[in-house]
Amino acid sequence: MTLSIGLLVGLVAFSVAAILVRDILKAAICLAAASLLLGILFFVMKAPYIGAFEISVVAGLITVLFMVTIALTKAEGDVRESKLAAWAFPLFFAVFLIIDVLVMKSLIGKIPTQTTTAEGGSFGEALWKGRTFDLVAQIGVIFAGVFAVLALFRKRSKDE
Amino acid sequence: MSSTWLLYMAFAAVLVFVGVYCLLTQRNLIKLFIGVEIISKGISLALVATGYVKNSIFTAQALAVTFIVVEVCVVATALAIIINVYRHTKSLDIRKLAKLKG
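Heads up: the sequence lines are chains A and B, in that order.
Counting with this note's numbering, you get residues 1 to 160 for the letters of the first sequence.
Counting with this note's numbering, you get residues 1 to 102 for the letters of the second sequence.
So that you can see chain A by itself, here it is in the shape it has in the complex (with noise of 0.2 Å):
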């Protein structure tokens, strides 16, 4: 538990520091340690598939999806962020961590504890089986995200 509590931690510690380091790329690579302290969670409550998904995919793909953005539009000092935004944040934060921790001891021992029975079978069993429509409905939005990007950077002819 103390190391899950640690990796928690450290996630919105690297949440925190995305938003508020000036530096887009620093801010993608905030996000990027973010990802991977959560996929390392994800290890420890023995969800290894999606450990490794969001690692990979989270961590890795959309880092480098963020880092070529960054790279094709060079416009980092062109944007000026509100420093009272920064400066507040701390404030807004400290608020709503006391209404988190009140609302949720408010929740000890009033929300039913439900006997559930470990779930039989395996991770592909409950993919393949139980979440078949999932599966069509995720090549959907696969293709949807293709032919949108090819949409976006289609060659424009002469005429428009």
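Read the hints as simulated data drawn from the structure, not as lab findings.
Straight line, CA to CA, 27 Å or less: simulated BS3-like cross-link-like pairs of lysine-lysine:
#: 1; chain 1: A; residue 1: 129; chain 2: B; residue 2: 54
#: 2; chain 1: A; residue 1: 129; chain 2: A; residue 2: 46
#: 3; chain 1: B; residue 1: 96; chain 2: A; residue 2: 74
#: 4; chain 1: A; residue 1: 74; chain 2: B; residue 2: 90
#: 5; chain 1: A; residue 1: 105; chain 2: B; residue 2: 54
#: 6; chain 1: A; residue 1: 46; chain 2: B; residue 2: 54
#: 7; chain 1: A; residue 1: 74; chain 2: A; residue 2: 155
#: 8; chain 1: A; residue 1: 26; chain 2: A; residue 2: 83
#: 9; chain 1: A; residue 1: 26; chain 2: A; residue 2: 74
#: 10; chain 1: A; residue 1: 155; chain 2: B; residue 2: 96
#: 11; chain 1: B; residue 1: 99; chain 2: A; residue 2: 83
Predicted, not measured: the structure shown is a model, and the values here were computed from it.
For chain A, the structure is supplied; the task is to place chain B on it using the hints.
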């Protein structure tokens, strides 16, 4: 068992708060999308933690895989839109998109 679940939910709520704060206060388009990513981390944490505590980790993993696939497609499309916006406005400032042309 319930307190473990509430602990994970508390951290997921913090992640969602950080993401929403980023969306409300930042002006850079890429920074805004980093906020969306942080919110999605909170959601996937909530999904897997619920499955872990309720003894249905396989179903939770299957749902989280679907969530990540959708997330990647959204990221790819949104970053392509951001690059196109930059080509048109020569800036990543969200306020410059508020000006209508024509």
